[in-house]
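Given chain H, put chain W in place with the hints provided.
One line per chain: the protein sequences are H and W, in this order.
Heads up: the first sequence is residues 7 to 507, going by my numbering.
Heads up: the second sequence is residues 7 to 507, going by my numbering.
Just so you know, not all the hints are guaranteed correct.
Each pair may be met inside one copy or between any two copies, as identical chains are not told apart.
Derived DSBU-like pairs: lysine-lysine, alpha-carbon spacing no greater than 35 Å straight-line [to be verified]: (1) K479 to K152; (2) K348 to K93; (3) K19 to K93; (4) K84 to K348; (5) K188 to K139; (6) K93 to K152; (7) K507 to K139; (8) K507 to K230; (9) K230 to K188; (10) K94 to K507; (11) K93 to K230; (12) K19 to K144; (13) K139 to K183; (14) K84 to K152.
No lab work stands behind these hints: they were computed from the structure.
Number of protein chains: 2
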Amino acid sequence: MATQEQDFLALVKQINLLDMNLTLIDWDSHTNLPQDGASFRGELTGYISGQELALRTGTAMGQFLDYFAAHPTALDEKGQQVLRLVKKDYDLNHDIPAEDYAAYQQVVSDAQQVWEQARVAQDFSLLQPYLEKIVAFKKQFIPYWKRGQATDYDVLLDQFEPGMTVVQLDPIMATLKAGIQKIQRTLATRGTQPRTDFMSRAVPEAVQERLVRATVSRLGYDFKKGNLSRSTHPFTVALNRGDARITNRYGVHDFQMALLGGIHEAGHGLYMQNFNPDYDYTPLADAPSMGLHESQSLFNEIFIGRNAAFWQGEYGRFQQTTGDIFADIDEATFYQGFMATKPTMIRTEADPLTYPLHIVVRYELEKALFNGDTTVAELPALWRQKYQEYLGITPANDTEGILQDIHWAGGDLGYFPTYLLGQIYAAQFYHTMSQALPVTDILASGDYSQITQWRKDNIHWFGASLTPQALIKQVSGEALNPQYWLDWMTATFENAYQVPK
Amino acid sequence: MATQEQDFLALVKQINLLDMNLTLIDWDSHTNLPQDGASFRGELTGYISGQELALRTGTAMGQFLDYFAAHPTALDEKGQQVLRLVKKDYDLNHDIPAEDYAAYQQVVSDAQQVWEQARVAQDFSLLQPYLEKIVAFKKQFIPYWKRGQATDYDVLLDQFEPGMTVVQLDPIMATLKAGIQKIQRTLATRGTQPRTDFMSRAVPEAVQERLVRATVSRLGYDFKKGNLSRSTHPFTVALNRGDARITNRYGVHDFQMALLGGIHEAGHGLYMQNFNPDYDYTPLADAPSMGLHESQSLFNEIFIGRNAAFWQGEYGRFQQTTGDIFADIDEATFYQGFMATKPTMIRTEADPLTYPLHIVVRYELEKALFNGDTTVAELPALWRQKYQEYLGITPANDTEGILQDIHWAGGDLGYFPTYLLGQIYAAQFYHTMSQALPVTDILASGDYSQITQWRKDNIHWFGASLTPQALIKQVSGEALNPQYWLDWMTATFENAYQVPK
Numbered sequence: 007m008a009t010q011e012q013d014f015l016a017l018v019k020q021i022n023l024l025d026m027n028l029t030l031i032d033w034d035s036h037t038n039l040p041q042d043g044a045s046f047r048g049e050l051t052g053y054i055s056g057q058e059l060a061l062r063t064g065t066a067m068g069q070f071l072d073y074f075a076a077h078p079t080a081l082d083e084k085g086q087q088v089l090r091l092v093k094k095d096y097d098l099n100h101d102i103p104a105e106d107y108a109a110y111q112q113v114v115s116d117a118q119q120v121w122e123q124a125r126v127a128q129d130f131s132l133l134q135p136y137l138e139k140i141v142a143f144k145k146q147f148i149p150y151w152k153r154g155q156a157t158d159y160d161v162l163l164d165q166f167e168p169g170m171t172v173v174q175l176d177p178i179m180a181t182l183k184a185g186i187q188k189i190q191r192t193l194a195t196r197g198t199q200p201r202t203d204f205m206s207r208a209v210p211e212a213v214q215e216r217l218v219r220a221t222v223s224r225l226g227y228d229f230k231k232g233n234l235s236r237s238t239h240p241f242t243v244a245l246n247r248g249d250a251r252i253t254n255r256y257g258v259h260d261f262q263m264a265l266l267g268g269i270h271e272a273g274h275g276l277y278m279q280n281f282n283p284d285y286d287y288t289p290l291a292d293a294p295s296m297g298l299h300e301s302q303s304l305f306n307e308i309f310i311g312r313n314a315a316f317w318q319g320e321y322g323r324f325q326q327t328t329g330d331i332f333a334d335i336d337e338a339t340f341y342q343g344f345m346a347t348k349p350t351m352i353r354t355e356a357d358p359l360t361y362p363l364h365i366v367v368r369y370e371l372e373k374a375l376f377n378g379d380t381t382v383a384e385l386p387a388l389w390r391q392k393y394q395e396y397l398g399i400t401p402a403n404d405t406e407g408i409l410q411d412i413h414w415a416g417g418d419l420g421y422f423p424t425y426l427l428g429q430i431y432a433a434q435f436y437h438t439m440s441q442a443l444p445v446t447d448i449l450a451s452g453d454y455s456q457i458t459q460w461r462k463d464n465i466h467w468f469g470a471s472l473t474p475q476a477l478i479k480q481v482s483g484e485a486l487n488p489q490y491w492l493d494w495m496t497a498t499f500e501n502a503y504q505v506p507k
Numbered sequence: 007m008a009t010q011e012q013d014f015l016a017l018v019k020q021i022n023l024l025d026m027n028l029t030l031i032d033w034d035s036h037t038n039l040p041q042d043g044a045s046f047r048g049e050l051t052g053y054i055s056g057q058e059l060a061l062r063t064g065t066a067m068g069q070f071l072d073y074f075a076a077h078p079t080a081l082d083e084k085g086q087q088v089l090r091l092v093k094k095d096y097d098l099n100h101d102i103p104a105e106d107y108a109a110y111q112q113v114v115s116d117a118q119q120v121w122e123q124a125r126v127a128q129d130f131s132l133l134q135p136y137l138e139k140i141v142a143f144k145k146q147f148i149p150y151w152k153r154g155q156a157t158d159y160d161v162l163l164d165q166f167e168p169g170m171t172v173v174q175l176d177p178i179m180a181t182l183k184a185g186i187q188k189i190q191r192t193l194a195t196r197g198t199q200p201r202t203d204f205m206s207r208a209v210p211e212a213v214q215e216r217l218v219r220a221t222v223s224r225l226g227y228d229f230k231k232g233n234l235s236r237s238t239h240p241f242t243v244a245l246n247r248g249d250a251r252i253t254n255r256y257g258v259h260d261f262q263m264a265l266l267g268g269i270h271e272a273g274h275g276l277y278m279q280n281f282n283p284d285y286d287y288t289p290l291a292d293a294p295s296m297g298l299h300e301s302q303s304l305f306n307e308i309f310i311g312r313n314a315a316f317w318q319g320e321y322g323r324f325q326q327t328t329g330d331i332f333a334d335i336d337e338a339t340f341y342q343g344f345m346a347t348k349p350t351m352i353r354t355e356a357d358p359l360t361y362p363l364h365i366v367v368r369y370e371l372e373k374a375l376f377n378g379d380t381t382v383a384e385l386p387a388l389w390r391q392k393y394q395e396y397l398g399i400t401p402a403n404d405t406e407g408i409l410q411d412i413h414w415a416g417g418d419l420g421y422f423p424t425y426l427l428g429q430i431y432a433a434q435f436y437h438t439m440s441q442a443l444p445v446t447d448i449l450a451s452g453d454y455s456q457i458t459q460w461r462k463d464n465i466h467w468f469g470a471s472l473t474p475q476a477l478i479k480q481v482s483g484e485a486l487n488p489q490y491w492l493d494w495m496t497a498t499f500e501n502a503y504q505v506p507k
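This is chain H alone, in the form it adopts within the complex (with noise of 0.2 Å):
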C-alpha cells in the first residue's frame, strides 16, 4: 500500500510534468510559433495553466500539507525538502481570493501589451495606470504573503531571493556604488582606453552560432541534454535534467553579443543538466534562487568569458573559427578591446563593471515604491536623475529609459535584485574555487573539465535543496560578500587598461 509521502510525490511528480509540458509550450511560442499559431497557443497555456494551478492549490494538495504538519516524521529528508519548496508555493497562491488574482493576472496581461505601444509613443504615461494597478495589486497582496518579513518590499524580494532583505541589499548597493566609482576613477586617470575599432567587424552568423556551439560545449554545456536554436532574444529554459534547451540571437556586426550571450546561457544550461537526479519530477530540480540561477550564468559570461587567461586559450581557436578577420589583432589587443567599459543607456547592453549601476537605480525605486513614499507618475523623473547621479547619463526617452524593460509590466517587481545578486554570488564561488583549484591554468589550458566537475559537485548537484544562503556558506563558508566582486573587478579592468601596478 503507497505512504502518505508516495502519495504526496505521486502528485508533486504531477504537477512536475505539468510545469515541463508548459516550458516546452513556452519555448516552442519563442522559438517556432507560427505567427497565425498565437491565439491557439493562447488557449492551450490558459488550459494548461490552469490544470497546473489547480493541482498546486487545490483540495489534496492542502489535505498533504495538513498531515504533514501534523505528522512531521511521516517524510524523510528528500520529502521534507519538497515539502518546504511546495508550502511555501502553497501559501504564496491559495490565500489570495481568486476573483482578486484573476483581475492582477488580466491587468498584467494588458499591461505587457501596453507596454510595447508605450515603447513605440515613447511614453511612460500610456503605461502609469497599469502600473499603478500592479502596484496596488501587490501592496494588498502583501499582507496575506507576509511571513515575519520586516518590510513591504522584502516579501517581493524573498519571492525571487528567498531571504533576501533589503537590510542585507541596502550596504551591498552602497558598497558597490563607491567601488564601481573608484575602479572607473582609476581607469579613466591611469589606465589605457583600448582600442575597439575592430569590435564591430562583420562576422557572419554562422561562422558566430560554429563559435557558441564549440566553446560552450569546452564549457560543459553537453548537446545530449540539450540544445541551441534562435530566438529574439536569448533564454535557457529546462524540460528536465535531460533536457535543458538554450537560444541565442546573431548580429553580424556584434559578435561580442552572440558569443557573451550563448556563453551565459549555457551557464544556465549547464546548471539546470546537473541536478541529483534523485530530484528529478520535484521542485528540487531547480535552482534555490534567482539570483544563484543567474549566478552560474555570469559565472560564465563574466568570470570566465572575460577572464584574462581564457582568451589566452581562446583566442587562438576564435581566429582560426573566424578566418583571416581578426588576423591583424592579437591576442593581447583583441582582449583589452572585448573588455572596454562605458556606460550605455540599456541595461541589457552594460558590460559588468557599470551593470550593477542599472540594478541599483531600480533597486532604489522599487524600495521607495513599496517601503517609501513615491509613486508610480513619479519615477520616470528619479529615473532621469539617477541615470545621471550613478551612470553619468540621461534617457533622451522613456524607451531608452524607464521603458526599456517588461519586468514592472509583467508584474515582476522585486525581480531585478537577483541579476546583480548574480553577479556577486558568481564572483564569491570564483574565489572559493580559486583556492581548490589552478584556475588561470586551467582556464589558460582550454581543458575546462575540472572547473565544470567543481561546479557540479559543489553547487548544481544540491539544486533547490539548499537555502541560498544556505548554499553559499556551504560552498564559501561564510555569508554573502559584495568584495570578492569588487576584488575581481578591479583587478580585471586594471589588467585590461593596462594601469601601472
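What follows is chain W alone, placed relative to chain H:
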C-alpha cells in the same frame, strides 16, 4: 445559463486542447528532443495521453452521449457532426476491458522496440511472437468494435477509412494490378528509357531546402501558419489550422527525394491550414479519413509534382536555384529522368506507378490474416512470393522485405490501403478540377493560386464534417473510381517515355 450543447462543446474543446498538446510533444520529439530527454518525455506523453483518454471515454462524455441519444434535437448541425465523430471514438475505446487494452498497448510498445532489433538482425522470427499477440488482440477486440461490417477486416479498414470494405477494395486492387501491368508492358515495348544519370548529381542540402521552401510556398503552403523543420522521416502535424508544421530530410545526391518529400508534406499542411474556422477546437478540424488526408499530399506530390506542365513552369526556376548543376540538361530530358519508373524493394522509395503494387501485397496479406486462414508465421514466405509475382523482385532478407514498415508492429493493421486510396482520390479530384479549370495552363504559368483556391473551396474547408463517401460524391459527382488514376498514369508515363501515339 449554458446549454447541454455548450457544455458538450466545452468538453470537446478540452480534448482538442490536449490533442494539440500531444501533437506539439510528438513534433518536438521528432525534431528537437535531446537524447537524454527521452525517458522524461515518455513520462510526459504517458501522463497527458492518460488525461486525454480519460476525457474521451469518461463518465461525463458517456452522459452527454446518452443525453443526446435521448434528445437528438438538442444539437444544431455542427453539434451533430461533432457528436457523430465523438461517439464513434467513444464506442471504439469504451467497450474494450481496460486491462486488455493496457496489455495490448504494452505489446505494441514492446513490438516496436523488437522491430528495430529484428531489422538489425534481418530476422522476422524475432518479431513474430509479438505480431501474433497483436493479431490475437485485434481478433479479440473486433467483436467490440463491429457495427454491422460484413467481415472482420472491414472493421479494421473502417478505423482508418470509414466505410471502406473489401467488397469495394477487391475490384479496385484487381483493376490497378492489371492496369499497371499494361502500362509497364507499353513502356517496355514502345517507350524510350529515360536518361537518369543526372538525377544523383550533388545538390547542397541548403539549396534543396531553399528549393522546397520556395516551391511549397507557391503551391499555397502558408509559412504564417506553419514551419519547415528537419527530421529523420518527413511528416506533417497540425496543432490547429494556424500551426500546421511540416518536416523534411535531405540527401546531397537525392534532390528528388527532398523536393517531392517536401511537396508531399506541404499537401498535408495545406489541407490542415484551410479548415473552416467554425470547426476550431473540434474533431471536425481534420480530414474525414486517412485516405483523404493522403489524397492532398499525393495530389501535390504526384498530380502536380510529376506533371509535365508543372515542370514547364518550374524548371527555369529550378535551374536558377541550383546554379550550374543542371545547366547541360534541358527541360524535356530533366522531366523524362524525373519520371523514370522501376520496381523497388522498398515501398517508400517507389515511384507512383509501381507504388500501388506494394499496397496490393500488404492488403492481400492483412485480409488473409483476418478474413482467411493465413498465420503470422506464413507471412514472410507469402511476402516474397507476392513481391516476385507483382513486382518481379524478391527481397534478399526480411529487413528489405516484410520488416521494412513499422506499421504492423505499431498495431496499424488495415492502414496500408489508405495510401493507395489517397492516390485514387487525388486522381479523381484532379480530373474534376480539370473540368472546372484550365489546369495545364495554370500549372505552366507558375501561379498556382487558382488551384489552391479550388482545393480549399471544394475539399479542405469541409474538414471531417462529411464522410469520405459524401465528400468524393459532392466533389466529383460519383463514387470512388480508380479509372481516373489509370488514365492519368497511362497518359503521363506514355508521355514521359515518349511512346508514339
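Hint-by-hint comparison with the structure:
1. K479 to K152: within (26 Å within a copy, 68 Å between copies)
2. K348 to K93: Answer is neither; intra-copy 45 Å and inter-copy 68 Å both fail.
3. K19 to K93: both (15 Å within a copy, 33 Å between copies)
4. K84 to K348: Neither. Shortest intra-copy (47 Å) and inter-copy (64 Å) distances fail the 35 Å Cα cut-off.
5. K188 to K139: Answer is neither; intra-copy 40 Å and inter-copy 78 Å both fail.
6. K93 to K152: within (14 Å within a copy, 51 Å between copies)
7. K507 to K139: Result: close neither inside a copy nor across copies, 54 Å intra and 81 Å inter.
8. K507 to K230: For K507 and K230, the Cα distance exceeds 35 Å both inside one copy (46 Å) and across copies (60 Å).
9. K230 to K188: Neither: 45 Å inside a copy, 53 Å across copies.
10. K94 to K507: neither (51 Å within a copy, 83 Å between copies)
11. K93 to K230: Within one copy, since 34 Å is at most 35 Å while 43 Å is not.
12. K19 to K144: Both: 30 Å inside a copy, 34 Å across copies.
13. K139 to K183: So K139 and K183 pass the 35 Å test inside one copy only (32 Å; across, 74 Å).
14. K84 to K152: Result: close within a single copy only, 26 Å intra versus 51 Å inter.
Figure legend: structure checked against the earlier numbered hints; hints not met, in rising order: 2, 4, 5, 7, 8, 9 and 10.
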